[in-house]
Structures are given as C-alpha cells and as structure tokens.
Amino acid sequence: MIDAATAAGFARLTLGHVGQQYPYALQHVTCVPGDLRAPADQHPIFHGSYDWHSCVHGWWQLLTIARLYPQIAEVAEIRARADALFVAEKVAGEIAYFERPVAGTFERPYGWAWLLALHAEAARHDAGWAAALEPLARSIAARFAAHLPRLTYAIRAGVHSNTAFACTLALDWARAHDAELAQVIEVRARHWFGLDVACQAWEPGGDEFLSPALCEALLMSQVLGAGFAEWFDTFLPDAAAEQPGTLFVPAFVSDRSDGKIAHLDGLNLSRAWCWRAIAAALGEGHPVVPVAEAAAARHLEASLPHLDDDYMGTHWLATFALLAMM
Numbered sequence: 377m378i379d380a381a382t383a384a385g386f387a388r389l390t391l392g393h394v395g396q397q398y399p400y401a402l403q404h405v406t407c408v409p410g411d412l413r414a415p416a417d418q419h420p421i422f423h424g425s426y427d428w429h430s431c432v433h434g435w436w437q438l439l440t441i442a443r444l445y446p447q448i449a450e451v452a453e454i455r456a457r458a459d460a461l462f463v464a465e466k467v468a469g470e471i472a473y474f475e476r477p478v479a480g481t482f483e484r485p486y487g488w489a490w491l492l493a494l495h496a497e498a499a500r501h502d503a504g505w506a507a508a509l510e511p512l513a514r515s516i517a518a519r520f521a522a523h524l525p526r527l528t529y530a531i532r533a534g535v536h537s538n539t540a541f542a543c544t545l546a547l548d549w550a551r552a553h554d555a556e557l558a559q560v561i562e563v564r565a566r567h568w569f570g571l572d573v574a575c576q577a578w579e580p581g582g583d584e585f586l587s588p589a590l591c592e593a594l595l596m597s598q599v600l601g602a603g604f605a606e607w608f609d610t611f612l613p614d615a616a617a618e619q620p621g622t623l624f625v626p627a628f629v630s631d632r633s634d635g636k637i638a639h640l641d642g643l644n645l646s647r648a649w650c651w652r653a654i655a656a657a658l659g660e661g662h663p664v665v666p667v668a669e670a671a672a673a674r675h676l677e678a679s680l681p682h683l684d685d686d687y688m689g690t691h692w693l694a695t696f697a698l699l700a701m702m
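Going by my numbering, the first residue of the sequence shown is number 377, and it counts up by one from there.
The set of hints was computed from the structure by calculation and includes no laboratory data.
Keep in mind it's a predicted model, so treat the numbers as computed, not measured.
All C-beta atoms in this analysis are idealised placements derived from N, C-alpha and C, irrespective of residue type, glycine included.
Just so you know, not all the hints are guaranteed correct.
[Unchecked claim] Distance condition first, Cα-Cα at most 20 Å in a straight line; then the derived DMTMM-like pairs of lysine to aspartate or glutamate:
hint : residue 1 : residue 2
1    : K636      : E669
2    : K466      : E510
3    : K636      : D572
4    : K636      : D686
5    : K466      : D417
6    : K636      : D583
7    : K636      : E584
8    : K466      : E453
[What the hints assert, rightly or not] Cβ pair distances, simulated, as ranges:
hint : residue 1 : residue 2 : range
9    : A518      : G410      : 37 to 43 Å
10   : A472      : G621      : 33 to 39 Å
11   : T610      : D417      : 25 to 31 Å
All chains, full assembly: derive it from the sequences and hints.
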C-alpha cells in the first residue's frame with residue numbers, strides 16, 4: 377500500500393489532466409458533414425487526459441485514492457469535480473456516443489473494461505456517482521456479453537486490444553454486478569487460455585504497455601482459483617529459474633516524449649502489478665513467489681520515477697503505478 381503523500385502526488389498529477397482538453401487523440405468515425413466536433417462536445421465527461429480511455433481510468437484512480445486516503449487535501453477537489461461530472465445528463469451524452477451506428481468498436485475492449493472498473497469503484501462510495509454511471513456501465517456490459525462469444529481468437533497484443541487485460545477488469549466488475557457476464561468471461565477465458573503451455577513470452581514489442589503472458593496468467597488466476605498453480609506451472613514451467621528471461625527484465629525507455637515508446641514505462645508498471653498479483657495467487661511456499669516479487673520490485677523501480685517526465689506518460693502512467701502499488 378502506498379503512503380498518503382504518494383497518493384496525494386498521484387492525485388495532483390491526475391487532477392491536472394482529467395479536464396485538460398488538448399492535446400486530444402480523438403478516436404472518431406465521421407458519418408456526415410459536420411459530424412466532427414470538439415472533444416468536450418463528443419464526450420461530456422471523458423474529454424480530458426489525451427484520450428477517452430485515459431480519462432476514464434484517470435477518474436478510476438482519483439475515486440480509488442479518495443476512498444483509500446480520505447484524509448488528503450486533494451479529496452475535496454476530487455469529490456467536487458466528480459459531483460459535477462457524474463450526473464445523468466452528462467452520462468446520457470456518453471451513452472449517445474456509443475449508440476451511434478458506427479461506434480460498435482469504439483474503445484473495445486480497453487476503454488470498455490476501464491469504464492466498468494470506474495463504475496465498480498464508484499459503487500464503493502456513498503455518493504450518487506454509481507447510480508449516474510450505471511446506465512453506461514450496463515450498456516458496456518451488454519456489449520461485452522455480445523462480443524466475447526463471437527471473439528473466436530483471443531487478442532494477445534501488448535496494447536489496448538489485449539483480451540486478457542480487459543477481461544480481468546470486466547470480471548471484477550461482473551462478479552459484483554452481473555453474474556451472467558461473469559460466467560461468459562470465465563467460459564471464454566478457459567476456451568482461449570485453458571490449454572496454453574510453455575509460453576515463449578516473445579515480448580516486449582516496441583510500443584507495448586501490457587505483457588501478453590502475464591495478463592493471461594493474471595486473468596487465469598481469477599478464473600481458476602485453487603487450480604491456478606497447476607495451470608501456471610505448465611504455462612510458465614521455468615519461471616522459478618527466471619525464464620523466459622524477457623518477463624523478468626524491465627523494459628528500457630529510450631524517449632519518453634514519444635507517445636508510443638513511452639508505453640514501455642506502462643509495461644514496467646503493469647508487469648509489477650501482474651507479478652505481485654500472480655505471487656499472491658500462487659500462495660506461500662510456491663517456488664515462483666520470491667522471484668515474482670523481486671521482478672515486481674525491479675519493474676516498479678525502473679519506471680516509478682518517470683510518471684511526470686512528459687505529458688505522453690503523465691496523462692496515464694499514475695493509474696498503472698497505483699495498480700502496481702495497491
């Protein structure tokens with residue numbers, strides 16, 4: 377668990393960008409003349425933080441910090457801004473965007489998953505945020521439930537399209553809010569990943585912020601429960617010897633002003649999160665636990681000092697730092 381001063385620092389970083397409209401990477405399919413509008417007109421709530429999904433998970437981070445560290449000064453601003461944004465009228469505007477005929481793949485699956493995570497966090501608060509966000513969350517959940525059975529092959533990329541990462545966040549929400557979606561995710565995860573053995577871990581790619589291997593293992597730890605260790609021992613049979621070595625060495629980031637290369641800081645942070653969670657799932661006495669915990673520490677150390685080096689990282693990295701340190 378991070379200390380209150382670190383949490384306050386994360387909150388200040390994120391408060392600085394969730395309302396910053398420009399620069400903004402607008403992911404938008406135009407249909408008719410005049411269809412292209414300013415980000416705040418397209419997205420009444422999530423028009424900051426460079427792109428839609430980063431704004432969503434920036435708000436997840438802020439609400440999480442407000443719950444865990446209610447004593448820090450930044451919580452008053454977090455709550456006031458959330459009160460102004462998470463209201464029925466603005467949520468209706470976000471839903472309207474998703475209901476556009478050409479928006480079926482908008483933010484699928486990464487932004488979808490983070491929206492569910494945001495709603496799950498909002499539901500842990502006594503404000504009206506969760507009630508306001510629920511129609512959007514239900515809409516996203518329905519999209520997940522329709523999409524996953526049609527997804528014949530899991531997407532194993534280390535970027536936003538990664539199936540396992542999105543399913544991990546969505547499963548956490550679904551177990552509390554939608555038992556049918558939870559069952560869909562569990563069935564599909566076993567279908568995609570249940571027979572995987574001897575993972576080669578050919579990673580990282582030059583612009584990846586997720587580990588395909590570790591995200592898969594993290595999802596299966598949630599799905600398999602007590603049976604996870606047996607699956608893991610066939611999936612990464614040499615992990616106790618720190619093999620494949622690519623999973624144990626932090627990525628080198630050559631240029632943090634390059635938005636794609638800066639993803640590698642996110643890879644280090646998300647790997648730290650995955651390794652810590654995998655170690656906890658394997659349980660005391662498993663030979664991989666000490667090497668997993670050491671790998672998590674190395675990856676965190678490599679990128680934690682660089683959250684505010686450049687806006688290409690500042691607009692999102694603190695979320696992954698919080699995941700890694702909670």
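For each hint, the structure was consulted:
1. K636 x E669: violated, 27 Å
2. K466 x E510: holds, 12 Å
3. K636 x D572: violated, 29 Å
4. K636 x D686: holds, 12 Å
5. K466 x D417: holds, 10 Å
6. K636 x D583: Roughly 5 Å separates the two Cα atoms, so the pair holds.
7. K636 x E584: holds, 8 Å
8. K466 x E453: holds, 19 Å
9. A518 x G410: 37 to 43 Å: Given a distance of about 30 Å, which is not inside 37 to 43 Å, the answer is violated.
10. A472 x G621: 33 to 39 Å: Taking Cβ atoms as reference, A472 and G621 lie about 48 Å apart, which means the hint is violated.
11. T610 x D417: 25 to 31 Å: At 51 Å between Cβs, range violated.
In the structure shown, a violation is registered for the earlier hints numbered 1, 3, 9, 10 and 11, in ascending order.
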